[in-house]
Amino acid sequence: MSNLRDQIREHYDAKAISAEKAEAILARGRAAAAGEEPLEAEKVAAFPASRARAWRRILSLAAALLVFAGLAVWWKTPESSRVPFATVAPRVIEFFGSRPELAHAPQDKAALREWLLAHGAPADFHIPASLMPLESFACSVVDVGGRKTYLSCYWREKTPDRGDHELIHLLVGRRSDFKDAPSSAQPQRRELDGWSFASWSEGDVVYTLATAAPPEKLTPFLAWAEAPRMLAAR
Amino acid sequence: MLQAGYRYAIALTHHPEDAEDLAQEAWLNLSRRYGCVESRAVLFTAVRNLFIDQCRRRKVVQFESLDQEAPPELPSIAAEEPGVKGDLDRLLAILRPNEREMLFLHYHQGHTAEEIARMTNQPRGTVLSLIHRAIAKLREAAASASASSGRNQWMILFVFFT
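Order-wise, the sequence lines are chains A and B.
Each residue of the first sequence is one higher than the one before, counting from 646 in my numbering.
Each residue of the second sequence is one higher than the one before, counting from 49 in my numbering.
Extracted from the complex, chain A is given alone in its bound form (with noise of 0.2 Å):
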């Protein structure tokens, strides 16, 4: 019996790689070397790398379609859309500050709200009856925020030499369009560079009076809804 490092030594090696499998490890070697590594070698790598990689573009994608699916819904929804409505006396003092071209409006005021409602109107609105017995001036429609609202002016005085400080205008528009808009009938006052507005609605249709002139000017038009308040402080 040989001693014990002959032993070992004769065990291993009579252990060896088969030629062909070692020749093919070296050939990959190589290719390793040269980084022409042949897919196959990086299976065990690349496999759940391209797995991780496919989940990440899944999960992307559906973070992106959720996001965008959120933006959509939030500018569909009319909220997002609605114009605040503060912004309409200061649109109208610009409006009328540029000097624009306005229709003449009829006399007759069914003819004026004929005219208003084939230009957008809302159907259900209607020329305020302080406003009936006056002359009417001219007509238009103002955009207002990328909402449409419609104008009409009348002449409050009848004295010969009246200036436009003497008109009196009304604006109607969808209660929809706006973001907070009086939600009542009772008339909201505001006053803005020398000019007043007071504001009400009536169903989805919200109004506006408007004149270039102190908030006293605009009284006597609005009688019919602040009557009752006057008579309730009595």
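Honestly, the hints are just simulated from the structure, not real lab data.
All C-beta atoms, glycine included, are put in the ideal place defined by N, C-alpha and C.
Heads up, some of the hints might be wrong.
Claimed, not checked - Chain B regions said to be covered by chain A (calculated; three or more residues, Cβ under 8 Å):
| hint | stretch |
| --- | --- |
| 1 | 54 to 63 |
| 2 | 68 to 78 |
| 3 | 133 to 147 |
| 4 | 150 to 163 |
Said to hold, decoys possible - Restricting the straight-line Cα-Cα distance to at most 35 Å, the calculated cross-link-like pairs of lysine-lysine (DSBU-like) are:
| hint | chain 1 | residue 1 | chain 2 | residue 2 |
| --- | --- | --- | --- | --- |
| 5 | A | K660 | B | K185 |
| 6 | A | K803 | A | K754 |
| 7 | B | K133 | A | K660 |
As the list claims (entries may be wrong) - Covered by chain B, according to a simulated footprint, are these stretches of chain A (three or more residues, beta-carbon under 8 Å):
| hint | stretch |
| --- | --- |
| 8 | 648 to 660 |
| 9 | 667 to 675 |
Got chain A; can you put chain B on it based on the hints?
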């Protein structure tokens, strides 16, 4: 050199297919990283590290530390250690991977205990202890197998004559 790496891997795993995979992976890793396999020592280190990684992942083999058990001074290994009876492959199978590794590095590769200690980053005493323990285990297993074989022969004769 690849065959040497494979034999070292066989010593660690005692499984031809696992050893082939281990040697191949170590070879390819070195080729990818350094463009070539510089030396046998580098290849052995790569094989060993890879094997330890695999064991840790699988948690099937534990390299137990012998630092605490190692006696202060162990006798050197006899140059002419007598051989063992029986099938060496089966006997080696009962050893731990690090015990087989020590036998391989010492008896097959011809490294001294000091060299193995440097290679495997272990104290020399641990290396000597592992080699002594491996030899003792081999002899014990060989004696046990021989006795068992003797008993089996007597059993066969007994059955044959009755």
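Could you tell me which of the numbered hints above are not met by this structure, giving the numbers in increasing order? none
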